[in-house]
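Chemist: Chains as they are written, first to last, in the numbering used here: chain A, 1 to 329; chain B, 1001 to 1329.
Any given hint could be a false lead.
Unchecked claim - In silico negatives: residues of chain B with every beta carbon more than 10 Å from chain A:
1. GLU1231
2. ALA1247
3. ALA1277
4. ASP1322
To be verified - Simulated crosslink set (PhoX-like; lysine-lysine; CA at most 25 Å straight-line):
5. A:LYS96 <-> B:LYS1044
6. B:LYS1076 <-> A:LYS44
7. A:LYS236 <-> A:LYS145
Since the hints were made in silico from the structure, they are not lab data. Idealized CB from N, CA, C, for every residue including glycine.
So you can see what is in the structure, the chains are spelled out below.
There are 2 protein chains.
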Amino acid sequence: MNEPLSRAPVSSADIDAAAGVIAPFAVRTPLLCPPVLCDRVGAKVFLKPEILQRTGSFKFRGAFNKMSSIPQDARKGGVVAFSSGNHAQGVAAAAKILNMPATIVMPADSPLLKRERTKSYGAEVVLYDRDREDREAIAREIAGKRGATLVPPYDDPKVIAGQGTVGREICDDLTALGIAPDIVVAPVSGGGLIAGVATAVKARFPQAMVMSAEPENFDDHARSLRAGKREAHGGKGRSICDALMAAIPGEITFAINGKLLSKGVTASEAEVGHAIAFAFRELKLVVEPGGVVGLAALLAGHIDARGKTIVIVLSGGNVDSDLYARLIG
Amino acid sequence: MNEPLSRAPVSSADIDAAAGVIAPFAVRTPLLCPPVLCDRVGAKVFLKPEILQRTGSFKFRGAFNKMSSIPQDARKGGVVAFSSGNHAQGVAAAAKILNMPATIVMPADSPLLKRERTKSYGAEVVLYDRDREDREAIAREIAGKRGATLVPPYDDPKVIAGQGTVGREICDDLTALGIAPDIVVAPVSGGGLIAGVATAVKARFPQAMVMSAEPENFDDHARSLRAGKREAHGGKGRSICDALMAAIPGEITFAINGKLLSKGVTASEAEVGHAIAFAFRELKLVVEPGGVVGLAALLAGHIDARGKTIVIVLSGGNVDSDLYARLIG
């Protein structure tokens, strides 16, 4: 039996469509090029600050695109999602706009700020024990009981297409400047953001290298990209990057990322902390640990960017004030 | 004797010229419109984040425009400036680009970050006692001894024209969106930024109200605008807004501001602290006390903005990490 012609789960046209869907509510974030960062790295460095997105992370894009596709008659059952905090807020904010009830399953040790902000959008928050309970099972049970639609954090074509609008905007802004990127880097957990970004970027700039960035302790993408197949991380199971603690790449996302990504880079916990302090002191941007990991890898010299044009996605800025105070001190 | 026809010290054409001068080196900062802030205030709120400017404040614009006008044969004598910290960095950074030596006279109690950053551009820093010494006299003595050119922090047409590019960019971005502002607010110390901004904004949007914002303890602009003449502040002489501690409006700046500004608003020390925490938590922007005072006045309800379009300049983000940690905690 012949294999069917492989068709990508998400196309550039899907991302164009998502851009239209989210436009009335999502923030069109700018592309920054801070001189202090370019000087430091010896490269043309652009930052895509998704910290400025509605809810403080890119997650609103994918959540809103997915939830807008739920048929009207299924909307009254609401939505359910599991998330360490940023997808939680994205789903909760989208549910408020779309007038749907939302239940979010969050780990009990997720940052307080993320739990409070999720509740502030009117969502019900159900806490679980990260070490002993299965968040997907809890979410599926709630979905079954309430007739709610599950909004997956990454392994879903509509979610990936929504996150891909980040890449589409990067391409639009670079095109307007007459600049082609050599390298594009985004943080990965399940890989939804980078899958969407890579789809958009490779369609417009096929020669660009797209790289995933993750904490040393959760290096499943770096490993999987080296191995050419999905592999779990080799770390110790904890990181200050609370947003990036997926154990293994998603199936749909890796079907995309395995083809489009050049490599995976990592940063240590200390390098992440240093990058947060740098962003505070020099860039005046509040970035959370999981959002800064690409910049951390660049500042630590783990990406060969000298003389090149590199784009780094700062994916989120929802960090507790006590951790932040400790890291910038 | 008849009075001569009064001609404004700075024209809209001067600001256009300054925009051309600073373009190769200044950051073209974006105009943000955070949904969370619009929802909170019940207005269309735009932020002009000059925290993203080279050196972390708008001051680079005026300093570079002024220093670019120094004749070549006078450049080797270098420049001297007095400043609590942001003008210091603006002058130091401009001097480095223009290859001129720079000496900056700073108060001994200015934030450590500002002193360190000023030195990092290669400037010599001379400290003085804010309560017992006259910074202008010290700067003039150095200027005389070294043949250096004094770069005033605000009371200078070239400096005002440079700061006016902030207003010009606001107008350009609003025009592109097809939006006219009802209110434009910027922090004031000596009044250079607001004089430039008002000149640019009133030329393009004559019906817009331009307002100065300052700490309660340094309310000299609010008083002077009410009185129709320059008056000193009525406060106790200290504020966490270290950048806004001028005692009385400038002469040239008030010749402009007395005509173009609608009123002056103030914020208390507590309101400033609250606005910094709001910007951290909700906007993901690092703003220093003196840079956030307009936003503080808005959030505290001191500006009647409901249903209107309002633009707030966030003028700087150079804040020491220990003070910042205390304010966001």
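Chemist: So, for every hint listed, does it hold in this structure?
Modeler: So, going through the hints one by one against the coordinates:
1. Non-interface call for GLU1231 of chain B relative to chain A: holds, since the shortest CB-CB distance, roughly 33 Å, exceeds 10 Å.
2. With 10 Å as the threshold on Cβ separation, the claim that ALA1247 of chain B sits away from chain A holds: the shortest Cβ distance comes to roughly 28 Å.
3. Chain A draws ALA1277 of chain B into its interface by the beta-carbon criterion, the shortest separation being 8 Å against a cut-off of 10 Å.
4. The non-interface label for ASP1322 of chain B is inconsistent with chain A: the shortest C-beta to C-beta separation is roughly 7 Å, within 10 Å.
5. Distance hint between LYS96 of chain A and LYS1044 of chain B is fulfilled; the C-alpha atoms sit about 20 Å from each other, no more than 25 Å.
6. Our distance criterion of 25 Å between C-alpha atoms is broken by LYS1076 of chain B and LYS44 of chain A, whose separation comes to about 31 Å.
7. Restraint check: the Cα-Cα separation between LYS236 of chain A and LYS145 of chain A comes to about 35 Å, which exceeds 25 Å; the hinted pair is violated.
When the structure is compared with the earlier hints, violations turn up for hints 3, 4, 6 and 7 and for no others.
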